[in-house]
Amino acid sequence: EPEVTQTPSHQVTQMGQEVILRCVPISNHLYFYWYRQILGQKVEFLVSFYNNEISEKSEIFDDQFSVERPDGSNFTLKIRSTKLEDSAMYFCASSERQIIYNEQFFGPGTRLTVL
Amino acid sequence: AQKVTQAQTEISVVEKEDVTLDCVYETRDTTYYLFWYKQPPSGELVFLIRRNSFDEQNEISGRYSWNFQKSTSSFNFTITASQVVDSAVYFCALSEEETSYDKVIFGPGTSLSVIP
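Chains as they are written, first to last, in this note's numbering: chain A, 1 to 115; chain B, 1001 to 1116.
It is possible that part of the hints are untrue.
[Claimed, not checked] Restraint ranges, calculated between C-beta atoms of paired labels, are given here:
no. : chain 1 : residue 1 : chain 2 : residue 2 : range
1   : B       : S1100     : A       : P70       : 19 to 27 Å
2   : A       : N28       : B       : G1062     : 25 to 33 Å
3   : A       : G72       : B       : I1115     : 43 to 51 Å
[To be verified] Chain A side only, calculated, beta carbon under 7 Å to chain B, not exhaustive:
no. : residue
4   : K42
5   : V43
6   : F45
7   : N51
8   : N52
9   : E56
10  : E59
11  : F65
12  : S66
13  : Q98
14  : I100
15  : P108
[Stated by the list, open to error] When the alpha-carbon atoms are kept at most 27 Å apart in a straight line, the in silico DSS-like pairs for lysine-lysine are as follows:
no. : chain 1 : residue 1 : chain 2 : residue 2
16  : B       : K1103     : A       : K57
17  : A       : K78       : A       : K57
18  : A       : K42       : B       : K1003
19  : B       : K1038     : A       : K57
20  : B       : K1103     : B       : K1038
21  : A       : K42       : B       : K1070
22  : A       : K42       : B       : K1103
23  : A       : K83       : B       : K1070
Everything labelled a hint here was simulated from the structure, so no lab data went into it.
C-beta atoms are modelled at their ideal positions from N, C-alpha and C, and glycine is treated no differently.
For reference, chain B alone in the conformation it holds in the complex:
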């Protein structure tokens, strides 16, 4: 079974629209960490955020915001006023206490296209 599910394979939005990327995870651990990474067309992987399972406070960083809801095992990522430079594949990922947090399990990714 997938530990990290990103149900949206591809999303297209018009520039300046808001977009939310969904992430649902599955774990038996009570302590775990969740991450979002960005992979632009150039191919590199860029860390965006890390959140631990005890911190359910939403986080905002500029146009990016993250909504962590333990009750639904979701860690969704919203981009406000999207820009063409946001076009990329976005991966949600999980790291669990049972692997001493040394193993990162990535979701399948959501490919976001922002159309000018």
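Bound conformation, chain A alone:
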């Protein structure tokens, strides 16, 4: 069964460093998303991406964040200068069409720890 994959599973970085979190969505999916979940808290929407551009983003997704689909398979989230409060689990998700029509599939997450 096709699945969303994410690498790495755990990333440890120093405050101020740049990190890139990688996701491989399901191959025929056209809509892509990033969410984060601070430990023990709710899942927070970061950004949605369709047709090579951002369709929606939250207040969390400031200038320190960017997304890219560099090739036909990867979908990346970059944090330019990490802060302690960026420590969280980051989930990538994809769907074939908009989620009002199709189920959104989530990856297993990347745990980001900022020291």
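Since the structure of chain A is already known, use the hints to place chain B on it.
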């Protein structure tokens, strides 16, 4: 203000009991979608159901059922004859027309423990 409220932070039930997880939402849109997701202890997020604002029919899927009431802005989730495998955090979520349905707002989650 919270757009999605799940007032029950944690619930514990004994196996085979029925349990209802509450969800109250807030939106100005007339067209919107509601979702439930499950996050078991392993951490992944699993889609359970999607419901649009025009469809108030209750839905049943095996031991799961959902009760959508527009009049009270609620979309409650009932598990019948709970099992230990139902232990998880359950999130209710909302997607609105004003964001072209591309933004999903999650509630804070309800942690359900089913005790054998």
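Next item on the list: Quick one: which hint numbers does this structure break? Sort them smallest to largest.
Entry: 7, 8, 10, 11, 12 and 23
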